[in-house]
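So the protein sequences, as listed, match chains X and U.
When we follow our numbering, the leftmost residue of the first sequence carries the number 1, and every step to the right adds one.
When we follow our numbering, the leftmost residue of the second sequence carries the number 611, and every step to the right adds one.
Calculated directly from the structure, the hints in this document are not laboratory data.
Errors might be hidden in some of the hints.
Subject to a maximum C-alpha distance of 35 Å in a straight line, what follows is the list of computed DSBU-like cross-link-like pairs (lysine-lysine) [as the list claims (entries may be wrong)]:
(1) U/K849 <-> X/K438
(2) X/K558 <-> X/K492
(3) U/K702 <-> X/K492
(4) X/K365 <-> U/K678
(5) X/K378 <-> U/K702
(6) X/K475 <-> U/K618
(7) X/K3 <-> U/K740
(8) X/K2 <-> U/K740
(9) X/K492 <-> U/K709
(10) U/K678 <-> X/K3
(11) U/K709 <-> X/K464
(12) U/K709 <-> X/K3
(13) U/K740 <-> X/K438
(14) U/K678 <-> U/K709
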Amino acid sequence: MKKVFLWSLAVIMVITMVAAFSLSGCNTTTTTETAAAATTAAATTAAATTAAATTAAAAALPLGFSYNPETAKKILADAGYKDVDGDNFVEAPDGSKIALTVTCPLGWSDWMEAIRVISESAQAAGINLKNETPDYGAFTTALFGGTFDTSLYNPGNLANTPWTVYNAWFNHPIVETMQNGNYGRYDNKELFDLIDQLGKVSVDDVAGIQAVVSKIQKIQLTDLPYIPLWYNGVWAQFSNAVWTNWSTSAADTPKDIPCTWNEYWQRGGLMQLTELKPVEGVEPGTGTYPRNETLYVSGAAWGAYSDSNPLIPGSKANSSGTIGLLYETPFMYDPLTDKMIPWLAESGSWIDPNTYEMKIRQGIKWSDGQPLTAEDVKFTYELGKNFPSVWFSPMWKYMTEIVKVDDYTLQIKFTDPIYQEFSYNLFNLPIVPEHIWKNRTEVEVSTGINENPVGSGAYLWDAKGMGPDRNVWVKNPNWWAIKALGLNVAPKRIVDIRTSGNNVTLGMILKGEIDLSNNFLPGVAELINKGYVQSYYPKAPYMLSANTACLFLNLTKKPLDDPAFRKALAFSINTGDIVNVAYANLVQVANPTGLLPSLDKYIDKTLLGQ
Amino acid sequence: MRRYFGRKIIIYISTFFLAVTIDWAIPRFMPGNPVVNLLSRTALRAESAQAMYSYYTRAFGLDVPVWKQYLNFWNALFHGDLGTSVLLFPQKVATIIMKAVPYDAFLLIPAILLSFYAGNKFGAFAARNKWLDNTILPLGYILTATPYMWLGILLAWSLGIVAGIFPFASAYSFSMVPSFSLAFILDLLHHWFLPFISLFLIGFGGWAIGMRNMIIYELEADYSHYLEALGAPRGLVRKYAFRNAILPQITGLALQLGVIFSGALVTEVVFSYPGIGYWILQAIQNQDYFLLQGCFLFIIIGVLVANFIIDIIYVTVDPRTRIGMQGGSA
Chain X
1 MKKVFLWSLA VIMVITMVAA FSLSGCNTTT TTETAAAATT AAATTAAATT
51 AAATTAAAAA LPLGFSYNPE TAKKILADAG YKDVDGDNFV EAPDGSKIAL
101 TVTCPLGWSD WMEAIRVISE SAQAAGINLK NETPDYGAFT TALFGGTFDT
151 SLYNPGNLAN TPWTVYNAWF NHPIVETMQN GNYGRYDNKE LFDLIDQLGK
201 VSVDDVAGIQ AVVSKIQKIQ LTDLPYIPLW YNGVWAQFSN AVWTNWSTSA
251 ADTPKDIPCT WNEYWQRGGL MQLTELKPVE GVEPGTGTYP RNETLYVSGA
301 AWGAYSDSNP LIPGSKANSS GTIGLLYETP FMYDPLTDKM IPWLAESGSW
351 IDPNTYEMKI RQGIKWSDGQ PLTAEDVKFT YELGKNFPSV WFSPMWKYMT
401 EIVKVDDYTL QIKFTDPIYQ EFSYNLFNLP IVPEHIWKNR TEVEVSTGIN
451 ENPVGSGAYL WDAKGMGPDR NVWVKNPNWW AIKALGLNVA PKRIVDIRTS
501 GNNVTLGMIL KGEIDLSNNF LPGVAELINK GYVQSYYPKA PYMLSANTAC
551 LFLNLTKKPL DDPAFRKALA FSINTGDIVN VAYANLVQVA NPTGLLPSLD
601 KYIDKTLLGQ
Chain U
611 MRRYFGRKII IYISTFFLAV TIDWAIPRFM PGNPVVNLLS RTALRAESAQ
661 AMYSYYTRAF GLDVPVWKQY LNFWNALFHG DLGTSVLLFP QKVATIIMKA
711 VPYDAFLLIP AILLSFYAGN KFGAFAARNK WLDNTILPLG YILTATPYMW
761 LGILLAWSLG IVAGIFPFAS AYSFSMVPSF SLAFILDLLH HWFLPFISLF
811 LIGFGGWAIG MRNMIIYELE ADYSHYLEAL GAPRGLVRKY AFRNAILPQI
861 TGLALQLGVI FSGALVTEVV FSYPGIGYWI LQAIQNQDYF LLQGCFLFII
911 IGVLVANFII DIIYVTVDPR TRIGMQGGSA
């Protein structure tokens with residue numbers, strides 16, 4: 001019995017040792033002393049006398065915010081927030097203590113730096129905000145579950161209209177677990193109605209969109225339920241050792257977004273592959289894959305491979321390319337020119353307000369030789385009708401039926417359509433082969449691994465090459481666009497590497513072992529300046545903008561439910577330091593509305609006083 | 611003999627049972643809901659997520675009462691089904707672990723065996739050689755106290771980055787595909803060397819010190835003096851001493867197995883070597899309880915099996931145990 005006891009003890013010890021080692025890295029909190037807070041005491045007493053005037057001014061134009069700690073302290077003082085116990089942090093007007101946290105996932109090093117800056121600058125203005133970094137799982141549980149205080153996050157992506165990102169920031173209705181946005185649970189019926197109204201405006205009606213967006217922005221800027229801080233970059237640094245003719249801002253270079261992230265292949269990543277040229281005189285080398293025919297990328301796959309099912313959206317980051325390289329969408333979207341490019345569809349148009357006619361391109365073949373026809377497109381869309389667990393099934397609330405006019409023409413019929421969502425899905429919904437998927441059950445469609453995937457795209461999945469830290473794609477010699485559009489992807493193979501850390505990636509790209517890295521490499525600005533690697537812009541901000549990093553505030557918690565407090569917090573955040581220090585000039589400060597530069601025409605500058 | 615092994619087997623089975631129960635219980639009683647975690651990563655709209663919630667709950671067997679989950683777990687275990695991973699849904703945990711085990715075995719078995727052999731041999735030499743004693747002993751103390759990951763990082767930096775002789779990440783080059791060609795095998799060994807050597811060195815230090823102390827003790831025992839007095843060659847005396855000294859070392863090996871396994875885990879993390887250690891860290895960071903449970907189960911089984919093998923070795927090596935068993939006492 002003694003031996004049993006000893007062995008159980010040993011096992012428990014091993015478990016606790018491993019767990020202790022792994023868990024010791026999370027939840028680091030840093031506290032900073034605010035030396036300057038003492039001087040603000042005098043300033044706040046002076047500002048308090050003008051309380052009446054400022055509260056009226058706060059609601060008037062211009063709206064918006066920028067880094068200004070004095071304004072932050074004034075707003076706090078005017079709203080009744082005072083430091084009563086002398087710890088240099090304000091307390092609520094009713095006297096209760098304020099102790100808030102700002103979180104981001106552990107391991108996202110740039111964000112960890114950013115929340116350190118946020119925490120320090122907020123504390124300098126008197127707001128007790130401490131930074132914490134839980135593990136990704138715990139972070140998202142708190143974010144979606146509504147138990148966080150404030151958290152950094154960046155829902156939304158490059159899109160052809162601002163509706164997608166507003167639908168994320170102001171996602172509604174408010175339910176127990178908010179997965180798709182509006183994590184702070186901001187509840188404003190007028191705003192939700194405006195967003196629903198926006199969804200029903202045609203994508204081509206720029207003036208119509210601007211009119212609705214202007215109203216949305218007025219509410220957003222007055223209430224500030226979340227604080228847009230900076231634009232995360234499309235991290236892209238590339239080496240010209242083996243492949244050249246990358247997209248840059250210089251003249252005479254291609255202008256496709258050089259990004260291999262999931263959802264970016266159809267936003268320019270694939271086009272970049274058609275523009276690449278191999279460098280002369282590169283040796284094949286001794287590996288199985290000849291060096292001069294292989295493109296090594298990193299930062300595409302973020303985790304281990306789990307499945308090749310294009311209809312499971314959450315895991316596609318681990319097999320980036322499943323949508324885009326293997327499975328394709330009816331259209332592509334070029335954010336740099338704001339144009340929809342007909343892809344699997346030859347054309348698409350609204351023949352009346354409730355009918356969309358899509359003509360499928362002829363001559364496209366699946367990788368097993370079968371032709372791609374309107375039947376495949378109809379089948380894919382109808383998967384959402386038959387199976388409520390498919391991610392686009394909510395579209396069927398306003399889609400009524402799909403009529404196959406002939407083998408290559410479809411008419412999709414709607415009642416009261418959300419034009420914006422349908423348009424966004426045209427370049428995000430992958431088409432799957434009907435002849436292979438037709439007998440699959442809902443469980444197989446929504447959770448199946450989809451081994452030996454058959455797609456229509458430029459590359460095929462190389463199951464033999466797949467390893468624990470790499471995905472391999474091999475060129476599809478029968479790709480339809482070679483004949484139909486005269487496009488040819490240059491690399492015969494793409495090896496997508498999951499590196500163990502940023503320093504490893506940096507070392508590899510400097511040696512020319514990685515051609516394109518879409519990782520965030522801190523400090524890469526210096527290397528770009530010295531010419532060791534290249535990026536889209538030769539100078540700051542070096543990278544294109546991908547999405548907006550926003551500080552989400554949990555409006556169910558005091559004092560975050562007070563618009564004045566939120567406004568003060570917005571003015572206290574030193575976005576300049578985030579850009580210069582945390583990111584070393586690799587990003588740009590965001591517009592207070594949060595819209596990306598590519599959607600600049602929808603920013604109502606009059607609200608910002610410009 | 612039968613009573614000895616019978617007793618041993620009963621102890622192992624009860625240990626296995628207890629350890630597996632704890633292994634099963636930990637994920638169940640940790641905070642957090644793996645289904646919510648999985649759903650959050652799929653980024654489904656609320657309506658679609660609702661439809662999937664009950665499916666996922668059934669898929670993970672979480673819709674039955676706790677005691678029934680426990681019985682289902684044992685049932686699945688005997689069918690070789692360790693559940694489905696949350697992190698890599700819909701991959702099965704058994705699939706993920708099976709792909710990782712060869713790398714672990716490739717790392718651990720040579721490291722344990724070679725460090726044991728080499729450490730004991732050098733320790734024996736050091737016991738009677740002043741020069742070796744003055745070098746190996748301090749070196750051994752330093753090595754055995756070194757944390758595995760620290761030595762791993764040191765080797766990765768010095769031999770991998772500064773000297774550039776060895777690669778310090780991954781199991782094989784990114785341009786290689788697994789095959790039985792010489793090029794691939796050499797590449798595999800090239801990547802294997804640094805994690806292996808960091809496990810080997812620490813084990814070597816430990817065994818060397820232990821053996822050196824044991825040999826000194828044995829060489830001062832009565833039978834050694836008697837043999838020397840009879841004029842036996844030094845080699846013969848040493849051989850007998852070695853045989854006696856190795857016994858506590860084997861016991862020590864059995865006790866150290868847990869430490870060595872956990873050392874291998876952290877070494878794999880340092881070198882991104884795709885063994886079980888790598889998956890344990892991924893599972894912890896992503897709250898994938900089922901993968902974590904499966905990995906620990908594997909370690910439990912591995913340690914128990916290794917212990918059992920050592921028990922058998924102990925019987926063959928130590929004649930006192932053999933005779934003691936035949937005599938009816940164990």
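Going back to the hint list, which numbers does this structure go against? 1, 2, 4, 6, 7, 8 and 13
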